[in-house]
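Engineer: Spelled out from the first residue to the last, the chains are:
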Amino acid sequence: MADESILSDDFLRELINVGEVDILVGLPTYNDAKTVGKVVEAIRVGLLKFFPRQRAVIINADAGSRDGTQDIVRAASISDLRHTSDVRALRTLHCISTEYSGETNPGRALHTLLAAADLVRAPACAVISSESTTIDPEWVDKLLAPIRRDNIDFVTPTYRRHKFDGLLLRNLVYPMTRALFDKRIREPFPPEYAFSARLGNQLLLADIWGTEAAIGAEMCMTLAALTGDFRVAQTFLGDKTRVDHVPADLVRAMRQTVGVIFSSLESKFSFWSTHQGSQPVPTCGSDHEVSLEPLRINRKRLHQIFVRGIGDLESVLRSILTPETMTQLQNSVTLPEESFRYSNEMWVRTVYEFAASYKKAPISRDHIVQALVPLYRGKAYTFLMENRDATADEVESNVESLCQTFEQMKPELVQVWNGGK
Amino acid sequence: MKFWLAMGVDAFRLDAVPYLVEREGTNCENLPETHDIIKDLRARIDREFPGVMLLAEANQWPADLRPYFSEGDEFHMAFHFPLMPRMFMGLKLEDRKPITEILQQTPAIPEVCQWCLFLRNHDELTLEMVTDVERDYMYDEYARDKNMRLNLGIRRRLAALLDNDRRRIELMNGLLMSLPGTPIIYYGDEIGMGDNVNLGDRNGVRTPMQWDGGWNGGFSSADPEKLYSPLMLNPVYGFQAINVSSQERFDHSLLSWMKSMIRVRKSTPVLGRGSIEFLYPANHRVLAYVRKYQKETILVVNNLSSSAQATELDLKAYKGNILIEMFGRNIFPKIGDLPYLLTLAPYQFFWFRLRKI
Amino acid sequence: MAESEVKMWEIIVSELTQTTLDIIRDAARMVPNIVLMIVIALAGYLIAYVVKFVLRAILRLAKFDKLSENAGASKLLSKAALPVPSELLSRFVFWMIWLGFILIGLSRLGIGGMDEHIQRFFDLLPRVFAAIFIFFFGLVAASFFSRAALLAAVNADLPSPRLLSLVIRTLIIAFAVSMGFEELGIGQETVLIAFGLVFGALMFGFALAFGLGGRELARDYLERRFVHPKREEEKEDELSPL
Chain A
0 MADESILSDD
10 FLRELINVGE
20 VDILVGLPTY
30 NDAKTVGKVV
40 EAIRVGLLKF
50 FPRQRAVIIN
60 ADAGSRDGTQ
70 DIVRAASISD
80 LRHTSDVRAL
90 RTLHCISTEY
100 SGETNPGRAL
110 HTLLAAADLV
120 RAPACAVISS
130 ESTTIDPEWV
140 DKLLAPIRRD
150 NIDFVTPTYR
160 RHKFDGLLLR
170 NLVYPMTRAL
180 FDKRIREPFP
190 PEYAFSARLG
200 NQLLLADIWG
210 TEAAIGAEMC
220 MTLAALTGDF
230 RVAQTFLGDK
240 TRVDHVPADL
250 VRAMRQTVGV
260 IFSSLESKFS
270 FWSTHQGSQP
280 VPTCGSDHEV
290 SLEPLRINRK
300 RLHQIFVRGI
310 GDLESVLRSI
320 LTPETMTQLQ
330 NSVTLPEESF
340 RYSNEMWVRT
350 VYEFAASYKK
360 APISRDHIVQ
370 ALVPLYRGKA
380 YTFLMENRDA
390 TADEVESNVE
400 SLCQTFEQMK
410 PELVQVWNGG
420 K
Chain B
0 MKFWLAMGVD
10 AFRLDAVPYL
20 VEREGTNCEN
30 LPETHDIIKD
40 LRARIDREFP
50 GVMLLAEANQ
60 WPADLRPYFS
70 EGDEFHMAFH
80 FPLMPRMFMG
90 LKLEDRKPIT
100 EILQQTPAIP
110 EVCQWCLFLR
120 NHDELTLEMV
130 TDVERDYMYD
140 EYARDKNMRL
150 NLGIRRRLAA
160 LLDNDRRRIE
170 LMNGLLMSLP
180 GTPIIYYGDE
190 IGMGDNVNLG
200 DRNGVRTPMQ
210 WDGGWNGGFS
220 SADPEKLYSP
230 LMLNPVYGFQ
240 AINVSSQERF
250 DHSLLSWMKS
260 MIRVRKSTPV
270 LGRGSIEFLY
280 PANHRVLAYV
290 RKYQKETILV
300 VNNLSSSAQA
310 TELDLKAYKG
320 NILIEMFGRN
330 IFPKIGDLPY
340 LLTLAPYQFF
350 WFRLRKI
Chain C
0 MAESEVKMWE
10 IIVSELTQTT
20 LDIIRDAARM
30 VPNIVLMIVI
40 ALAGYLIAYV
50 VKFVLRAILR
60 LAKFDKLSEN
70 AGASKLLSKA
80 ALPVPSELLS
90 RFVFWMIWLG
100 FILIGLSRLG
110 IGGMDEHIQR
120 FFDLLPRVFA
130 AIFIFFFGLV
140 AASFFSRAAL
150 LAAVNADLPS
160 PRLLSLVIRT
170 LIIAFAVSMG
180 FEELGIGQET
190 VLIAFGLVFG
200 ALMFGFALAF
210 GLGGRELARD
220 YLERRFVHPK
230 REEEKEDELS
240 PL
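Protein chains in written order, with numbering that gives the first Met the number 0: chain A, 0 to 420; chain B, 0 to 356; chain C, 0 to 241.
Hints may contain errors.
Simulated pairs of lysine-lysine, DSSO-like, Cα-Cα distance not exceeding 27 angstroms [to be verified]:
1) B/265 - B/294
2) A/267 - A/359
3) B/318 - B/333
4) B/291 - B/355
5) A/48 - A/33
6) A/48 - B/91
7) A/359 - C/62
8) A/48 - B/145
9) A/358 - C/51
10) A/267 - C/62
11) A/267 - A/182
12) A/37 - A/48
13) C/62 - C/51
Cβ-Cβ distance ranges computed for the label pairs, FRET-style [what the hints assert, rightly or not]:
14) B/333 - A/9: 51 to 57 angstroms
15) A/15 - B/163: 38 to 44 angstroms
16) A/9 - C/188: 54 to 60 angstroms
17) A/136 - C/214: 49 to 55 angstroms
18) B/319 - A/15: 53 to 59 angstroms
19) A/85 - B/277: 55 to 61 angstroms
20) A/48 - B/111: 43 to 49 angstroms
To be clear, the hints were calculated from the coordinates, so they are not data collected in a lab.
Don't be surprised by glycine CBs; every beta carbon is placed ideally from N, CA and C.
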């Protein structure tokens with residue numbers, strides 16, 4: 000544990016002034032001046048509309064923005080000093096902001112929010128992404144009401160998304176989380192979510208901060224909620240904001256989700272080895288919705304990267320996969336592009352072998368996660384091909400059958416984990 | 000009126016003044032004819048009975064009350080109705096915002112005029128001058144029993160509203176006496192009398208004054224059954240528990256405390272006549288303001304919260320002054336460059352005289 | 000005549016006896032030293048054996064073999080038909096210690112000129128360990144960084160990832176080797192210069208390639224890494240993976 004507090008003196012002083020609250024809304028940011036104004040305004044309207052009598056605070060954890068993001072958030076505060084006569088509010092609403100160095104501190108935003116929530120004794124907290132321009136003031140109610148009213152500990156969102164948006168989620172993270180940890184959480188790595196003080200405190204005390212796992216702190220929270228004695232629920236929020244992404248983000252996304260899941264397999268073995276199948280989670284609103292606008296996606300490139308990956312990474316893959324799987328993959332790249340299919344069974348087997356190798360770690364663990372990326376692209380390609388003309392229901396049933404495969408083949412993973420390769 | 004003036008009356012309270020004159024086709028409130036009448040009254044009183052005071056009872060927004068002072072040729076004083084429920088609101092919310100905002104909206108009045116501040120009166124605690132959200136909040140917090148609600152107000156006494164909490168009673172009286180205006184204390188509140196909600200209309204707060212623990216609470220020697228209203232009898236607020244005579248015996252009683260408060264208030268003209276400037280410490284549970292009059296400056300700091308608070312006050316403008324706490328007259332540290340740190344117990348308040356030596 | 004012959008014989012015999020006695024006396028004087036030397040050698044054997052045993056256990060516990068496997072050292076060794084790294088290292092340490100003790104014993108014998116050589120051996124010993132250390136960690140680093148480069152290049156869709164990986168691996172091993180030799184004091188300048196030449200040539204080659212031949216490639220790569228534009232030719236919708 001670090002000797003210094005992660006909360007700066009100025010921020011602590013601000014927390015003293017905030018005092019005890021009933022609701023805390025956390026807002027992690029980094030150079031989001033273009034979008035954060037809309038988000039924070041929606042949060043404010045939501046708080047005034049649905050929780051006018053509750054003491055609330057909006058806390059911004061900023062990774063070192065240089066575009067005035069923090070000032071925009073602070074300007075949203077409601078107090079007698081600011082004479083904002085256009086806003087009728089019963090109470091003062093503090094909007095405070097703290098800065099940390101983002102590059103050297105992954106997971107610091109959530110860590111800061113958890114520590115602040117603990118100090119101000121907030122019984123219900125929500126975190127909202129600063130890029131969610133599709134936000135509606137209702138989100139505040141949808142996320143927080145279950146925590147406050149129904150004793151839920153963790154609320155994750157469900158969205159309306161394009162059928163090809165979130166491929167990693169649909170093809171790997173959702174099915175694997177569901178198969179291993181027993182609950183059908185559609186967004187295990189959610190951009191917005193809400194949690195109770197009990198769950199927040201448990202995560203705050205966990206040993207993940209300052210380690211590599213902290214890069215996927217939200218995933219850690221999901222896993223903590225699923226494997227602990229916590230009540231989980233989902234709520235439908237609406238459209239998910241589509242954000243510009245760069246190809247390099249895929250490796251990071253893998254680390255944040257798959258990397259975290261793999262690292263937790265050891266410590267949570269007694270949980271995932273004894274549960275079979277998966278349970279649905281109580282959901283307010285629809286479980287998922289799929290939109291079908293035409294999009295232009297470069298499928299060919301995905302296949303190319305997959306093929307090249309298999310070739311270039313042969314030595315690495317051989318130390319991870321079984322010889323049979325390796326042979327199958329090498330055979331598959333010889334097929335022409337149109338007839339290539341990364342079947343569900345093959346994919347699940349690949350993933351589970353990667354998971355199993357994580358335990359022994361023949362090479363560095365981060366390299367294992369990185370090595371999975373090109374293989375995932377192959378699966379993504381297959382998904383795009385198979386669902387090119389699919390309707391919403393067809394996409395959902397394809398995803399469901401992949402989930403079933405993950406669940407059915409789970410005993411193999413348990414066996415390998417126990418017995419060794 | 001001349002009848003009473005000839006008897007030696009000092010002041011008149013004009014009830015429901017805005018509705019004095021009614022005219023078809025208007026909302027019958029605040030009509031110019033009303034002001035004409037008042038001006039006339041005032042002029043005649045000034046001519047024939049100088050020194051007599053006119054007090055307006057007008058339940059209006061501060062801006063709408065302003066005309067009743069005119070240029071010093073109408074009312075001398077007016078009740079500040081909108082402030083009163085907000086003091087109670089700020090206390091329950093543990094947030095100074097309602098109080099500071101209404102005072103920010105209060106216009107300046109002529110030098111020779113004065114606001115009249117009060118916590119309670121013989122009517123219900125009126126909630127006309129608040130928004131619907133605020134009214135619902137006040138009802139839910141202060142009048143959970145619907146029986147207590149009347150005419151868009153709450154018909155309870157001060158002590159009952161504050162759960163008989165001595166600290167809160169003291170804090171509210173402290174605010175009453177340190178905010179700009181002349182304080183009015185409703186009879187019985189100086190000893191902490193309770194109310195009887197079972198009496199109809201507003202009569203619950205108009206029970207006989209409790210002077211001592213004996214016959215009829217010392218109110219009258221007549222038979223109790225003949226009294227205009229039954230006495231308070233319960234063990235908490237009854238006349239045997241709460242009466243002037245027993246409270247006069249002890250220095251720590253509410254009555255004795257009120258007397259010493261009044262003594263301190265009278266020791267300086269600042270609180271009555273001075274200007275007010277709010278400090279806005281970042282801790283919204285702390286209400287702090289500076290009162291100035293001629294060469295004197297007083298700093299008032301109030302903790303509206305039920306828990307202990309720490310606050311830093313920006314007193315740079317008063318750097319170099321020593322703080323002298325006005326009740327114990329002990330000195331507190333000098334104001335320097337850094338923000339002034341104060342810690343306050345639940346519902347505690349400080350009055351500091353600033354002195355530069 | 001017989002008398003002088005007898006006298007000469009007596010002198011010879013007495014001389015011989017004297018010399019023999021001297022030799023025997025010298026030898027006898029040496030016996031304790033020899034005994035001491037044998038004792039030291041035996042003690043050394045025992046100590047070396049114990050150290051080897053303990054070291055082997057420690058290395059096993061610290062998963063040394065696993066680390067070497069990562070470094071690719073195990074592969075090298077098995078190709079040379081040598082035993083596993085922990086075993087090899089333990090044995091090496093054993094021999095070093097025993098040899099050291101034997102040499103200490105020898106020095107006791109007081110044989111001239113040996114001391115200097117023995118001293119040189121003991122001076123060299125820590126250097127040898129340091130050099131082995133450097134080689135080994137050079138291997139580990141080379142393996143790790145070359146693999147990291149390979150994975151990064153594959154995932155960023157760069158051309159020739161295996162070439163890049165091999166280059167990095169070679170460079171790091173070359174660097175480690177030259178550092179190791181420098182430590183041992185063997186052909187320092189030669190190795191350093193050779194390394195410098197290779198490194199410089201490689202860099203020069205890269206510069207030429209990027210500067211002349213690979214302008215487009217370099218620009219593309221830089222743009223992709225630092226500017227994030229939408230590529231005009233491709234015009235695709237970027238989707239979030241999560």
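Engineer: Provide an ascending list of the numbers of those earlier hints which the structure does not satisfy.
Structural biologist: When the structure is compared with the hints, numbers 9, 14, 15, 18, 19 turn out to be violated.
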